[in-house]
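S.K.: First to last, the sequence lines map onto chains A and B. To convert, note that position 33 of the first sequence is 33 in the working numbering; the numbers rise steadily by one, no gaps. To convert, note that position 19 of the second sequence is 134 in the working numbering; the numbers rise steadily by one, no gaps.
These are calculated hints, taken from the structure and not from any lab test. No experiment lies behind these values; they were computed from the predicted model shown. Any given hint might turn out to be false.
[To be verified] Straight-line C-alpha distance at most 27 Å; calculated DSS-like pairs for lysine-lysine: (1) A/Lys14 to B/Lys157; (2) B/Lys120 to A/Lys41; (3) A/Lys64 to B/Lys186; (4) B/Lys120 to B/Lys157; (5) B/Lys217 to A/Lys41; (6) A/Lys20 to B/Lys217; (7) A/Lys41 to B/Lys157; (8) A/Lys64 to B/Lys130; (9) B/Lys172 to A/Lys20; (10) A/Lys66 to B/Lys217; (11) B/Lys172 to B/Lys120; (12) A/Lys64 to B/Lys157; (13) B/Lys183 to B/Lys173; (14) A/Lys64 to B/Lys209; (15) A/Lys55 to B/Lys217; (16) B/Lys186 to A/Lys41; (17) A/Lys41 to B/Lys229; (18) A/Lys64 to A/Lys41; (19) B/Lys209 to A/Lys55; (20) B/Lys157 to B/Lys183; (21) B/Lys209 to B/Lys173.
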Amino acid sequence: GAVVSQHPSWVICKSGTSVKIECRSLDFQATTMFWYRQFPKQSLMLMATSNEGSKATYEQGVEKDKFLINHASLTLSTLTVTSAHPEDSSFYICSARVGTLYGYTFGSGTRLTVV
Amino acid sequence: QQQVKQSPQSLIVQKGGISIINCAYENTAFDYFPWYQQFPGKGPALLIAIRPDVSEKKEGRFTISFNKSAKQFSLHIMDSQPGDSATYFCAASKRGSSNTGKLIFGQGTTLQVKP
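Could you build the full structure based on these sequences and the hints that come with them?
M.R.: And the structure:
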């Protein structure tokens, strides 16, 4: 149980285009989802916290207009990287809190390459 | 105060040996301490987690030791196997306040178990 499905698993896009990454909770309702970014051989850096039906809360230094987060339902959160540039190339991972417990479950990640 | 410091950065262990990874935190409000295992190109997977009201938790070959007074916790992997070769992250979170539910990750430890 408590599975988070993330798509796509990898994507290559041209510089200047936008890319959308989806994160779905398959067997539970996720009021809160988190989006992380991970560079090679580094830790996970929290980008933003999304709450269903409200605006996302972004961490300091994360550009809100570049990384658009939408959490329109209890089972779907999306991250759109707008006007992507090569420096946006990274591994993006979503996560969701499972119910009222402390547990968190993670998606399988999306490898974004901007060329 | 939000940091979680993890060591060592890398670790090489012989098959059958014990792998030990340490983490330290500063924020005494943290009340959930999980360990995650991550393979290349995949999202983190929860290994084991502990709350500060217990000093040790064991699940199979994995044990968390928790020292509340020292604000430290560690992961012990007994009888380490080549399949355990991965990157391990400690993390911490707290409930309450505007930061409810945010997981703060350590820097990660790359474990290599030699046959």
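S.K.: Look at each hint and say if it fits the structure.
M.R.: Hints versus structure:
no.: 1; hint: A/Lys14 to B/Lys157; in the structure: holds (24 Å)
no.: 2; hint: B/Lys120 to A/Lys41; in the structure: holds (16 Å)
no.: 3; hint: A/Lys64 to B/Lys186; in the structure: violated (34 Å)
no.: 4; hint: B/Lys120 to B/Lys157; in the structure: holds (23 Å)
no.: 5; hint: B/Lys217 to A/Lys41; in the structure: holds (22 Å)
no.: 6; hint: A/Lys20 to B/Lys217; in the structure: holds (23 Å)
no.: 7; hint: A/Lys41 to B/Lys157; in the structure: holds (13 Å)
no.: 8; hint: A/Lys64 to B/Lys130; in the structure: violated (46 Å)
no.: 9; hint: B/Lys172 to A/Lys20; in the structure: violated (40 Å)
no.: 10; hint: A/Lys66 to B/Lys217; in the structure: holds (22 Å)
no.: 11; hint: B/Lys172 to B/Lys120; in the structure: holds (21 Å)
no.: 12; hint: A/Lys64 to B/Lys157; in the structure: holds (26 Å)
no.: 13; hint: B/Lys183 to B/Lys173; in the structure: holds (17 Å)
no.: 14; hint: A/Lys64 to B/Lys209; in the structure: holds (25 Å)
no.: 15; hint: A/Lys55 to B/Lys217; in the structure: holds (16 Å)
no.: 16; hint: B/Lys186 to A/Lys41; in the structure: holds (26 Å)
no.: 17; hint: A/Lys41 to B/Lys229; in the structure: holds (20 Å)
no.: 18; hint: A/Lys64 to A/Lys41; in the structure: holds (25 Å)
no.: 19; hint: B/Lys209 to A/Lys55; in the structure: holds (22 Å)
no.: 20; hint: B/Lys157 to B/Lys183; in the structure: violated (32 Å)
no.: 21; hint: B/Lys209 to B/Lys173; in the structure: holds (22 Å)
Going through the hint list in order, the structure does not satisfy hints 3, 8, 9, 20.
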